[in-house]
Amino acid sequence: MVDFLQALVDGVMLGATYALLGLGFTLIFGVLRRLNLAFGPTILVGIYAGSHVGLAWPGALAAVMAVTVAAAILAGIYVERCSFRALSRQAPVVSMISTFAVWMQLQELVSLFAASRTMPYPSPAWLPAVAAGPILLRSDALLMWSGATAIMLALFVLLYRTRFGTAVRAVADSSEAATLMGVNVAAVGAAAFLVASAVGGLAGVLIAQSQQQVTPYFGLWATVKGLTAMLLGGAGSLSGAVVGGVILGVVETQTLWHFGGQWRDLAAYALLFLVVALSPRARGEPSL
Amino acid sequence: MEFYFALATLFGFRILLGLSAYVVILTGQISMAQAGFYALGAYTAGAATALWGWPIVPAVLLGAIVGAVFGFLVGFPALRVRGLFLVIATLAFTEIVRMVFLNLKYTIRVGDRTIGPAAAEGFRGITYYFENGWSSLQIAGFTWLFVLAVLLAFWLMDRSRAGVVLRAVGEDELAASSVGINLTAAKVSAMTLGGLVAGLAGALYAHYATYLSQEEFGVLLASFAVAYPLIGGTGSVLGPIAGVLFFSLLIDGLRFLGDWRNLLFGVLIVAMMNVRPHGIIDVRLVRRLAALLRPAPKRAYAGD
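Quick mapping for you: the protein sequence lines, in order, are chains A and B. So for the first sequence, the numbering used here puts the first residue at 1; every next one is plus one. So for the second sequence, the numbering used here puts the first residue at 1; every next one is plus one.
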């Protein structure tokens, strides 16, 4: 029972970062109606840049975080130019294939400049672990959860309480209607991409400080987790992405506890396949 | 000469893989499951010759059939989703297959060697060609026998009613179903056929490689499988071949760039998608060529 609760708590903490990744996907998908598979590799670029700064100036945690987010945003702008703005008249699938190609580029880029295959990432080591009864809350997981929750709240305020957020949701609802109401759809799309990249960069900081290292496989990992979170939540719903991320986190940690580490990713992929193939909403027109 | 035979064999696998994605793309579906079918065919056929002592031809056919069965099974849930979501679902399938082979342990001892899928260590000892003393010319010839058979079959299919039905579904599902085409049958049979060809390609590959590791059958292989027909064009069966040539020439032609090669590779694909979004050999090019080759129709003039 304690194992179950511990796995549940760990899952919720982990799920908060999955929720952030899912929100990044949902923002882009909701506004542009296109999938950005290079979202994970965008974050990868950020984390590698941060890792280099961490190696050069040990202890400069704020600089590491700032560089991570800035590099993720830059990579996001590059993806937007190559695969979305340039191909906006082509079918959505063309954009997606193109993001695959950009993915390869970004992954190669970080490998070229990496000193070793696994790069270290600094983490605030001074935080103590908290024990709540028999359940242990690891400090990095707690930081991950609270950071993710704070970012999510800020994102929801941005999307539901500001003029920009209204414009984003209007475009997601119907880009024709939004155009008629005087919304600059192209500009909103680019801005949503920027916001998504920034959220991705912040999620990257939280995940990397918890794992304390990063490999080029992170790109694939982040893309799959974000996609699963988004699709579990019904593809296009912001609150759905949050719920989807938490469900994914809990399923993963429970599999880890009961069946062992090698089945953890299998469970995540099986969940993704079942959700996409069986859910009635997956083929309906999603709305943000 | 050895080098060219090996190259021809490798091209054979790539063309088969491209053709397996091609037949699915004809129905307007983009499937990333081809790498999964390829892996299933490879492991099954490898186990058939190395563990169960089967001869090569039935083993390769078994690999193809296993690919087809899984293609059929994936085809049904895939009916519910389209476009981007189908890509994601089939990608998940490929990763599930990979994870299963990552955990699968089924080995036997032959003398002092351990043969069979040994989880993360990979599948060693698929040495049928070696044991039977096949030369690289024989291996290339055996592979191309299947490549040519599949090419011929697809060429004939394209010119038959079946090809028209598949393309009609790909063009416009609603229009196709309103003229009485059974969408379920068309899509599931395309998926099954794609699974068959991918399984066949995997089965042949397993015996050429002699060693299989689940890492090879991931997203990268799946994206290459769909990139061959998408870049090469889906106008005719020659499209996937053009795609294979495009990629293979790029990979080797850019070798002088060293580590920067893969970076430029991605740039070139992005550029290609901007220049020819429907591929090198698209439907329009095929029609134009066909019009050139066909004798000009007699013109009827007023007063004749």
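I should point out that these hints are in silico values taken from the structure, not numbers from a laboratory. Glycine is no exception: its CB is placed at the ideal position from the N, C-alpha and C atoms. Be aware that one or more of the hints could be misleading.
Partial pick of chain A residues on the chain B-facing surface, computed with a CB cut under 8 Å [unchecked claim]:
(1) W57
(2) S88
(3) I97
(4) L227
(5) D265
(6) L278
Stretch by stretch, here's where chain A covers chain B in the computed footprint (C-beta under 8 Å, at least three residues) [what the hints assert, rightly or not]:
(7) 74-84
(8) 100-112
Legend entry - Violated hints - listed by number, lowest first: 1 and 2
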